[in-house]
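So the sequences go chain by chain: P and Y.
Going by the working numbering, the first residue of the first sequence is number 1, and it counts up by one from there.
Going by the working numbering, the first residue of the second sequence is number 1, and it counts up by one from there.
Quick caveat, the hints were computed from the structure, so don't treat them as lab data.
We put the beta carbon where it would ideally sit given N, CA and C, even for glycine.
Some hints here could point you the wrong way.
[Claimed, not checked] Just the calculated beta-carbon pair ranges, DEER-fashion:
no. : chain 1 : residue 1 : chain 2 : residue 2 : range
1   : Y       : Gly81     : P       : Ala304    : 57 to 63 Å
2   : Y       : Val248    : P       : Arg305    : 20 to 26 Å
3   : Y       : Tyr29     : P       : Gly203    : 55 to 61 Å
4   : Y       : Pro83     : P       : Leu210    : 43 to 49 Å
[As the list claims (entries may be wrong)] Short, incomplete list of chain P residues facing chain Y, as computed with Cβ under 8 Å:
no. : residue
5   : Gly137
6   : Pro146
7   : Lys195
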Amino acid sequence: MSRAETSAPKGSEERREEPREQPHRTEQPHRTVSRRATFRGTLFGSELLTTFRRWRTLALLAVLAAVPILVGTAVKIETGDGSSADPAGGGPAFISQISNNGLFLVFTGLAATLPFFLPMAIGVIAGDAIAGESSAGTLRYLLVAPAGRTRLLLTKYATTLTFCLVATLVVAISALTAGAFLFPLGDLTTISGTKISFTEGLGRALLIALVVAASLIGVAALGLFISTLTSSGIAAMATTVGLLITIQILDQIPQLHALQPYFFSHYWLSFADLMREPVYWDELVKNLGLQALYAAVFGSAAWARFTTKDIPA
Amino acid sequence: MEEPSATEPQESHRDDDAVIVTRALTKRYRGGQLAVDGLDLTVPAGSVFGFLGPNGSGKTTTIRMLMGLIEPTSGTARVLGRPMPRATRAVLPQVGALIEGPALYGFLSGRDNLVRYDSADPTADPRTRRARVAAALDRVGLTAAAGKKARAYSLGMKQRLGLAAALLQPRRLLVLDEPTNGLDPQGMREIRSLVRELASDGTTVFLSSHLLDEIEQVCTHAAVMAQGRLITQGAVAELAAGTRGRLVVTTPDTADAARVLKEQGVADMVVTEDRVTGEVPEGDRELADLNAALVGAGVRVRGFGVERASLEDAFMALTGEGFDVAG
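Excised from the complex, chain P in its bound form (with noise of 0.2 Å):
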């Protein structure tokens, strides 16, 4: 829990760097003093706070942290006795090394997230963005704030865009943190089979981290799509996350080939080819295209709705 809550303004430290919702700014943007207030002044100051402050997203992010250091205890009871973890045992991508090297925590870590905790934890919070508001009723007072549809969905994005980054990172620092702590670190092997620096190692985790953050783009998106259908907070997230369990479902399913590389999750694992040497961008470019893409339609689809829509009591 620690962990989660210091790792937090870390991400909105990040953002501060984008005035895009900061329609207000002071006279005197090099004081810091001022500058941090007018950022927690602006509705995306808000909205960070806001998020950030409840229990729930603390929890995902515990249960997001807790993860690699689950992971990295197993791996290190299993490897107690000497021998490496069986190779030949699966499990997630690079979960042999770690005994090795610490780092490979982190990687494995996202690995093991990616496919379900992280977009759930996307899933319930982008859902939850318009959808809860709605349902609490503070949906109607942020509006004859007013706060401007266009504004509040931009906002309620770049907030939900943060928290991917920010939930990225919690598993990448956890691991980290566990790795070190349970194994020892040094020079690693990539893919290839080359040997890089521990430095640069580091700098390929922190690389890994943005991609996986990026991935989740198109989920981010799909779920603030779905918050804007309905009044319901609950509703919102349960149809985010059951579309997610669904599309990996048919992402299993060979029949459906053609179909597969439009699922927004088709690609995800394409980040394990950042540790090849040279690195192998093919399927890397094509998950961001595929994020992008579902980025825009959905984020289209999510404005078109909102800005016409009947706010409901």
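Model the placement of chain Y on the given structure of chain P, informed by the hints.
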């Protein structure tokens, strides 16, 4: 404005002054239900305008259209001279609203709820936010409870916090939907005096209620809605004056009294335990003659008089039904 157009001088003058003007405003929900039907409402600037009607009569739907939350099916609505919902960005910062009761973030303190709503307003200056939030809390008497989580608030406290949110900035128009809901008598009195205070500062207050005496106590103007239609609107004094008072005779001999009064031309008689009430006969009939006739017929008259017409009587006369009948 000094030279109103020749064709409709009064109408155009009223519209220029008006803070809210709707013309043939209609809302039909997707199920086909007609919630608001051809509403022509004019709220003069500086008035305390009571918007009256039983639950389900279309008051809240009207308010939601005025605030740009829902799109009218047909007709137009202008608030502060600008069309809604098109001009929400320009109009709404000057409007404070309490719609369908307060809605709060339960996990935030009362103060943080106000900060949240204030930061949603792009025209609100973040540098004065703390001071304005504190002033609004003070105005509704919530300063002591400002740090408490909103989920721990009583209904009355939530209502006050909702009002505080409407008072975060100086407003030209306040739209208050059932503002005294859930308040105890003391709280109701405070809200009424707050409304009067705001009105004396020049803020127009548009107040919806299903409580007639509430409207009668604070409003200068009123409109009455029933089943989606506007039944009447105007100054409160005129509305009540439009209804004749009722003759009330208190007597143990109710049957005789009713018979005599009927002979004297009193209509719409209602006999209760020891009271006979009826419409005051038209024309310049001297009421004392009625009393003399009753006494002459041996009726023991214990009380005789005319009850002043209230808004409730006006409402009954207009709708022909009791006020608590839902539309």
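Hints versus structure:
Take Y:Gly81 and P:Ala304: their Cβ atoms lie about 30 Å apart, and the range 57 to 63 Å is violated. At roughly 59 Å, the beta carbons of Y:Val248 and P:Arg305 sit outside the given window of 20 to 26 Å. About 57 Å separates the C-beta atoms of Y:Tyr29 and P:Gly203, a value consistent with the hinted range of 55 to 61 Å. Our hint of 43 to 49 Å for Y:Pro83 and P:Leu210 holds, since their Cβ atoms are close to 46 Å apart.
Satisfaction of the interface hint for P:Gly137 is found here, the shortest Cβ-Cβ separation to chain Y being roughly 3 Å, below the 8 Å cut-off. Checking P:Pro146 against chain Y by beta carbon gives a least distance of about 4 Å; that is within 8 Å, so the hint holds. Annotation: interface hint on P:Lys195 violated; nearest CB of chain Y at approximately 50 Å, more than 8 Å.
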